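Student: Chain P: place on chain S using the hints.
There are 2 protein chains.
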Amino acid sequence: MNNPVPKPQRFHSVTGLRPEKADYYIGLHAAPWPGVIRAIERAKIRNYSIAVKEIEGRLCLFSYFEYVGEDFEGDMKQMADDPETQRWWRETDPCQIPLPDAAARGTIWADASEVFHTP
Amino acid sequence: MNNPVPKPQRFHSVTGLRPEKADYYIGLHAAPWPGVIRAIERAKIRNYSIAVKEIEGRLCLFSYFEYVGEDFEGDMKQMADDPETQRWWRETDPCQIPLPDAAARGTIWADASEVFHTP
Chain S
1 MNNPVPKPQR FHSVTGLRPE KADYYIGLHA APWPGVIRAI ERAKIRNYSI AVKEIEGRLC
61 LFSYFEYVGE DFEGDMKQMA DDPETQRWWR ETDPCQIPLP DAAARGTIWA DASEVFHTP
Chain P
1 MNNPVPKPQR FHSVTGLRPE KADYYIGLHA APWPGVIRAI ERAKIRNYSI AVKEIEGRLC
61 LFSYFEYVGE DFEGDMKQMA DDPETQRWWR ETDPCQIPLP DAAARGTIWA DASEVFHTP
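Protein sequences, first through last, are from chains S and P.
Mapping of the first sequence onto our numbering: position 25 corresponds to residue 25, and the numbering continues sequentially without gaps.
Mapping of the second sequence onto our numbering: position 54 corresponds to residue 54, and the numbering continues sequentially without gaps.
Next up, chain S with everything else stripped away, as it sits in the complex (with noise of 0.2 Å):
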């Protein structure tokens, strides 16, 4: 018996914004890039959005989307491979804090546990 994973599969997740890069980061993602785009389109990720809060003094950054591929770790590979996304990332990575658990993987997003999701 085949268990298919339930389609789409939604990633949520958390990292911090540094302040003085705020406008910087928030600009960029108000024009993103259109390789960018094309790269999370081929990375079978959709509905992709990312919003700001402040919560006690610190910026904080949550992503949320959804993965409609087959391959997560393959398809997140081809997207990390891709030189636009790269030089996205040289320009959105000093943006952001890390939480210590993302930053002891060498990773800039934590991972967060959804709790909820209407059927």
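Honestly, the hints are just simulated from the structure, not real lab data.
Fair warning: there could be bad hints in the mix.
The list cannot tell twin chains apart, which means a pair is met if one copy fits it or any two copies do.
What the hints assert, rightly or not - In silico EDC-like links for lysine to aspartate or glutamate, alpha-carbon gap of 20 Å or less:
#, residue 1, residue 2
1, 44, 56
2, 44, 82
3, 21, 114
4, 7, 66
5, 77, 20
6, 7, 75
These numbers come from a predicted model, not from an experiment.
Tutor: Just chain P, lined up with the frame of chain S:
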């Protein structure tokens, strides 16, 4: 000329979760009451999810949903007037620690600002 709001409208929000109530809150949301789900549907909310993540020793809840109706305030008021939803909130409200801006408005969830969305 009408200038219709693009649909769906996406809403992101944040609140705190009391550590001593986290298991209870998560358990409630793992098996939400059918009447609460029906009220969410009647309020024209779709694809509603909540995630949890510890940030600097503080548990935070992040919600994402899409609103597909024409009268957000009216639909939210109808949901708030639903007796089953009111019973649910009597269980969930004491689990949560509103951020200061939400507390000042007498609400539980504080709005986060969307900075990015894939087309």
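Student: Under a CA distance limit of 20 Å, which applies to residue 7 and residue 75: within one copy, between copies, both, or neither?
Tutor: within (15 Å within a copy, 28 Å between copies)
Student: Is it within a copy, between copies, both, or neither that the alpha carbon of residue 77 lies no farther than 20 Å from that of residue 20?
Tutor: This pair counts as neither: shortest intra-copy Cα distance 30 Å, inter-copy 39 Å.
Student: Given identical chains, is residue 44 near residue 82, meaning Cα to Cα at most 20 Å, within a copy, between copies, both, or neither?
Tutor: within (14 Å within a copy, 38 Å between copies)
Student: For residue 44 vs residue 56, is the C-alpha pair at or below 20 Å within one copy, between two copies, both, or neither?
Tutor: Classified as neither: same-chain Cα gap 35 Å, cross-chain 32 Å, threshold 20 Å.
Student: Given identical chains, is residue 7 near residue 66, meaning Cα to Cα at most 20 Å, within a copy, between copies, both, or neither?
Tutor: Both ways: residue 7 and residue 66 sit 8 Å apart in one copy and 18 Å across, limit 20 Å.
Student: How do residue 21 and residue 114 come out at 20 Å by Cα distance, when the copy is not named: within, between, both, or neither?
Tutor: between (29 Å within a copy, 17 Å between copies)
Violated hints, in rising order: 1, 5; the structure is consistent with all others.
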